[in-house]
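Line order of the protein sequences matches chains B and D. Counting along the first sequence from 1, when you hit position 173 you're at 173 in my numbering, and nothing is skipped either side. Counting along the second sequence from 1, when you hit position 36 you're at 36 in my numbering, and nothing is skipped either side.
Treat the hints loosely; a few may be bogus.
[As the list claims (entries may be wrong)] Just so you have them, the derived chain D footprint on chain B, three or more residues with Cβ under 8 Å: (1) 316-324; (2) 340-349.
[Stated by the list, open to error] Estimated spans, in silico, between C-beta atoms of each pair: (3) B:E278 to D:G33: 53 to 61 Å; (4) D:S302 to B:E291: 31 to 39 Å; (5) B:E274 to D:G33: 53 to 61 Å; (6) B:D281 to D:A324: 38 to 46 Å; (7) B:G140 to D:T339: 26 to 34 Å; (8) D:E274 to B:D323: 50 to 58 Å; (9) D:R47 to B:L301: 46 to 54 Å.
[As the list claims (entries may be wrong)] Partial chain D-side listing against chain B, Cβ under 10 Å, derived: (10) M1; (11) H40; (12) G46; (13) R73; (14) E313; (15) R315; (16) K317; (17) L320; (18) D331; (19) Q333; (20) L334; (21) T339; (22) D349; (23) S355.
These aren't lab readings, by the way, just hints derived from the structure by calculation. All figures in this text were calculated on a predicted structure; none of them were measured in a lab. Cβ atoms here follow ideal geometry from the backbone N, Cα and C, with glycine treated the same way.
2 protein chains.
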Amino acid sequence: MSPALTRLITDFEAGKFAALARAVSIVENHRAGFDLLLAHLHPKIGRARRVGVTGPPGAGKSTLTTLLAKHARARGLTVGVLAVDPTSPFTGGALLGDRIRMEQVALDPGVFIRSMATRGSLGGLAAAAREAADVLDAFGFDLVLMETVGVGQSELDIARTADTTLVVLVPESGDSIQTLKAGLMEIADLYAVNKADRPGADRLRNEIELMLGLRMGATNNVPAHHGVDLRAIADRDALREAMQPAKAARAAAQRDDAEHWTPPVLGTIGAKDEGVVELLDALDRHFAYLERSGTLRSRRLSRLRERVVEIVEDRLKRRLWRDAATNAWLDAQLPRLETGGGTPFAVADELLAQSGELMTRGTA
Amino acid sequence: MSPALTRLITDFEAGKFAALARAVSIVENHRAGFDLLLAHLHPKIGRARRVGVTGPPGAGKSTLTTLLAKHARARGLTVGVLAVDPTSPFTGGALLGDRIRMEQVALDPGVFIRSMATRGSLGGLAAAAREAADVLDAFGFDLVLMETVGVGQSELDIARTADTTLVVLVPESGDSIQTLKAGLMEIADLYAVNKADRPGADRLRNEIELMLGLRMGATNNVPAHHGVDLRAIADRDALREAMQPAKAARAAAQRDDAEHWTPPVLGTIGAKDEGVVELLDALDRHFAYLERSGTLRSRRLSRLRERVVEIVEDRLKRRLWRDAATNAWLDAQLPRLETGGGTPFAVADELLAQSGELMTRGTA
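Let the hints inform the model, and build the full structure from the sequences given.
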C-alpha cells in the first residue's frame, strides 16, 4: 500500500470528510489503489441502512431525499446521500438544480452529499454506486440514501443494491398502472405518492393499492379479482368498487403472514414537508421487517456475492485485453473475419483456448 | 445443426420474411442455436449500409426513419428498420404509437420493421441490436436503419455500431449546446434539425454549425474563436456574429482536406415530408466519403473486433457461472465475507486461480 493511501485511510478512520470525499472519488473512478482501499474497508461494511429512492423524472425524488435526510438527522442519525444520474448525455443538466436544494442539509456535518454521473457503461454505474455506498457505510453513516435521477434499467439495477427501495410517483406521471407493470412493482418496498395535494393523487394511490391487493390476493389464493383487466376499469367509481375486495384480501394477507411485507402507499407533499416523518417511520418498519424475517441478511449476502462476481469478471477482462500479445493476435485475425474466412465465434473460441494461463495467473 | 435450424436457414436464404422474423427472434433472445445461426450468416454480412438515428425524445426520429425508408424504397433500395427502446420501464408506452406510423411503409415487401426492447442489461441491448442488424444485413437489405427511442448512454452504444450516425434535434429540445457538448457531437456524422418550421430552428442550426466550426477550426489550427465561451453568447445577434469566422474556418477545413468529413446540418419537417430527400442525399455523400477515405473498412473491422470481444466475454461468463462447483464454492465463502473474515477481492482471486481449466475448455 502506498504511503498516500495509508495516510488517506488514517484520515478516513479519523472521520475526516476530505478523506471521505477522496476515497469516494478513488473508488468511483477506479483509480490506482481502489481495490486495496475497498478491501481494507470491507470489515467495516454492513452497519448502514441503505435506501434506494427511484421513480420517473419530475416526481420530486430529490426533494424527498433531502427531507428524509433532514428528519433522519433530527432523530440523531448521520446520513450519506448518493445522487446518481445515468441519463446523460441528453438530460445532464437536471442534476445541478436538484443539488442546490440539497444545500439546506449540506452544511450539517452529519450529512455527506455526493453526485455521481455515468461511468463508462451503465452496468459500471450501478457497480460504482454500490462501491460508493460501501465507502459511506464504512465511514460510519447510519443511513445511506441512494437517489437516482433518471429513467430506465440502470435505476432498477441501482435500486437493487439497496436494503429498501422507495418508489416515488406523482399523479401526473402518466399511466401509472403501465409504469407499475413494467418492473417497478417487483422492486418497490414502499411507495410515496408525492405532490399528494394535486388532482389525481387519490386515484393513483387507489390504483397502486389495487395492484398490490391483486398481487397479494393471488399470492394468498384469494379468488377475488383474478384476471381483472385493470385497463378496462375506465372510471373512478368502478376502480373504487373493484378496490374494496382487493384491500380486504391485502389486509388478510398482512394479518395471516407475519413474515410477509406489503408495500405501504404513503402520500407526501415534498414542497410543504408533509408526510415525510411518516415515510421515515415506514422505512423504519420495513427495516425491522427485514431484520425479523432474515431478508436483510439474505439481501446482503446476495450483494456480497454479486460483488465477487463483478470483481471476477472485471479482472478477467483486464487480464485478457490488457495483454499485448492477445490484442495483436486478435488484430491479425480481422482480415480473415472480414472476408468471411472465419467467424467471430470460431475466433473467440481460439482466443479462449490459448488464454488460459493469462486468466488464472495471480496478478491483476 | 438441428433439422429445424437447417430448415430455417433454407427459408431465410430463399428470402422468406417469416424465416427472417424467426431468425431475428432467435438472435435477439439468444435462443438455442443463435451462435450457429450467426456463424452461418457471417460470410453474407457486410453488404448493407447501416444508419443509426438517435437524438432526444420527441425529436421525430420515428417519423424521419419512416420517411427515409419510403424515399430509399423509391430509389429501389430494400430497407430493414430496427427500432430499439432501452428506456423501459418508465417510458415503455411510447413505442407502440410510433410503430403505428410505420404502417405506411410496413405493407411494402421491400421493407422489414422490427422493434426491440431491453434485453437483460443495457450493454446486452447494444449487442443484440448489432446482432439483429447483422441478420438484416445477411438477408440482403441494402439499407438498415437503426432507430433508438430513448435517451442515454445505451443510445450512444447502439449508434456506434452503425456506419453512419444521424442525430435528430428539434428547436424545443432545450439547451442544444449542452446536449452537443455531452458526447453526441463525437458520434454525429449528420444532423437533422427537425420541425424546422418552428421558432428557434435557425438558431439551433446556427449553434450546431458554430460548434462544428469551432471544432474544425481547432483541428486545423485556425486561431479564431479558440476559447470562446458559448454559454456567454446570450443573444442571437452576437451568436450570428460569432458564427461567421467559424463558418469560414469550417469551409476552409473542408476545402483543405478531401479526406475529412464535416457533418452537415440539414433542416427537415417530418410532418410535411420536407427535406428528407436531401437528407438521403447527404447520407449517400457520407457513405461515399466512408468508402473513399477507408473509414468504412476501419469502422467495420473495429465492429468485427468488438464482436469477438463480446463473444469471448460472454463465453467466459457462461463457463464460469453455469458451473455448479464454482457456484457452490462461492456460496460457501459468503459467511466469512459477511463477518469480514475475507474480502471480495481475495475471494475473487481465489476463484480465478482455481477456474483456469473451466474457462479455456472447448465447449461453451
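Task: Violated hints - listed by number, lowest first - done: 4, 7, 10, 13
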